[in-house]
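Fit chain X to the given chain E structure using the hints.
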Amino acid sequence: MTREELQAQGIPLDAEGFLADPSRWTPEIARALAREEGIELTDAHWVVIRFAREYYEKNGVSPTLRQISKGAGVPTKALFTLFPKGPAKKVARIAGIPKPAGCV
Amino acid sequence: MAEERHMAFICSKGNLDMAYPALIMGWAALGQGVDVTIFFTFWGLDIINKKHMDRLKLPPVGIAGMRTGMMGFPVDVGMPQILGVLPGMTAVATAIMRKKIADLDVPPVSEFLEMLLDAGAKLYACKMTVDMMGLSQEDFVDGVEIVTAGDFIELTEGAQIVFI
Chain E
1 MTREELQAQG IPLDAEGFLA DPSRWTPEIA RALAREEGIE LTDAHWVVIR FAREYYEKNG
61 VSPTLRQISK GAGVPTKALF TLFPKGPAKK VARIAGIPKP AGCV
Chain X
1 MAEERHMAFI CSKGNLDMAY PALIMGWAAL GQGVDVTIFF TFWGLDIINK KHMDRLKLPP
61 VGIAGMRTGM MGFPVDVGMP QILGVLPGMT AVATAIMRKK IADLDVPPVS EFLEMLLDAG
121 AKLYACKMTV DMMGLSQEDF VDGVEIVTAG DFIELTEGAQ IVFI
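Listed in order, the protein sequences are those of chains E and X.
For the first sequence, counting from 1, position 6 maps to 6 in my numbering; every step adds exactly one.
For the second sequence, counting from 1, position 135 maps to 135 in my numbering; every step adds exactly one.
For the record, the hints were derived by calculation from the structure and aren't laboratory data.
Fair warning: there could be bad hints in the mix.
Here's a subset of chain E near chain X, in silico, CB distances under 7 Å, partners left out [unchecked claim]: (1) 25; (2) 74; (3) 76.
Beyond 12 Å from chain X on every Cβ pair, some chain E residues (computed) [as the list claims (entries may be wrong)]: (4) 12; (5) 23; (6) 32; (7) 41; (8) 43; (9) 51; (10) 67; (11) 69; (12) 87; (13) 102.
Every residue, glycine too, gets a C-beta built ideally from N, C-alpha and C.
Looking at chain E on its own, in the form it has when it is part of the complex:
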């Protein structure tokens, strides 16, 4: 699924490419957004994505990298390998949740 196809299905993205409505997220959308980032999702990615979504649903805000690392038990190094070049934004985008508001 490309961005255009997402839009055509009534799943709009905001200017930065984040899902405008987190409740419309599906695993298929995650795969499409990941592919745009050049990432093919593996089980290790899904651990992170599922944790990020659960955290958002529970707390109403997106987790920071440190919260993901501690909460999902994924070391920092792994986060930066799984989602290279900017995991803070990439995890949130693929998980269909807003940009994290915390700094650390």
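Just chain X now, with coordinates in the frame of chain E:
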């Protein structure tokens, strides 16, 4: 965002409140896909010195914004500088800031450095200061490299420089 954005922080001070800006901004930059280099020089070397990094202090003297709230008093008003020189004031201010930092779930300096290195940041110690202070590689956390000022300038060509 430009593909190759690179930020370089120069840490020249070793007080507790001077350590965190580069650590936090550097971490934020890495999270956004920006390359990060941190150069520690003069008192900033304490931030990567195994003996000192988790014992950095916050001396209240000379901080114009220091308020009584930051010193644990219930009333938050400007604090006369003269009080800052009283014995124990540095320890009090340090303990309170440390607690405020921990309450925000921000890690201590040693753990923060580990996170930065794991995330791909490059940490450098200024060779001249290392020599001047009689320090050596063993004094620093693993992953720190000792380089000259000239090396640093070369390594950060095109980077955005932040001096702290």
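For each hint, the structure was consulted:
1. 25: 21 Å, violated
2. 74: 11 Å, violated
3. 76: Result: holds, 4 Å to nearest chain X Cβ.
4. 12: 22 Å, holds
5. 23: Correct as stated: the minimum Cβ-Cβ distance to chain X is 25 Å, above 12 Å.
6. 32: 20 Å, holds
7. 41: About 18 Å separates residue 41 of chain E from the closest Cβ of chain X, which puts it past 12 Å; holds.
8. 43: 21 Å, holds
9. 51: With a cut-off of 12 Å, residue 51 of chain E remains clear of chain X, as the shortest Cβ separation is near 16 Å.
10. 67: 8 Å, violated
11. 69: 8 Å, violated
12. 87: 6 Å, violated
13. 102: For residue 102 of chain E, whose nearest Cβ neighbour in chain X is about 9 Å away, the distance does not exceed 12 Å, so it is violated.
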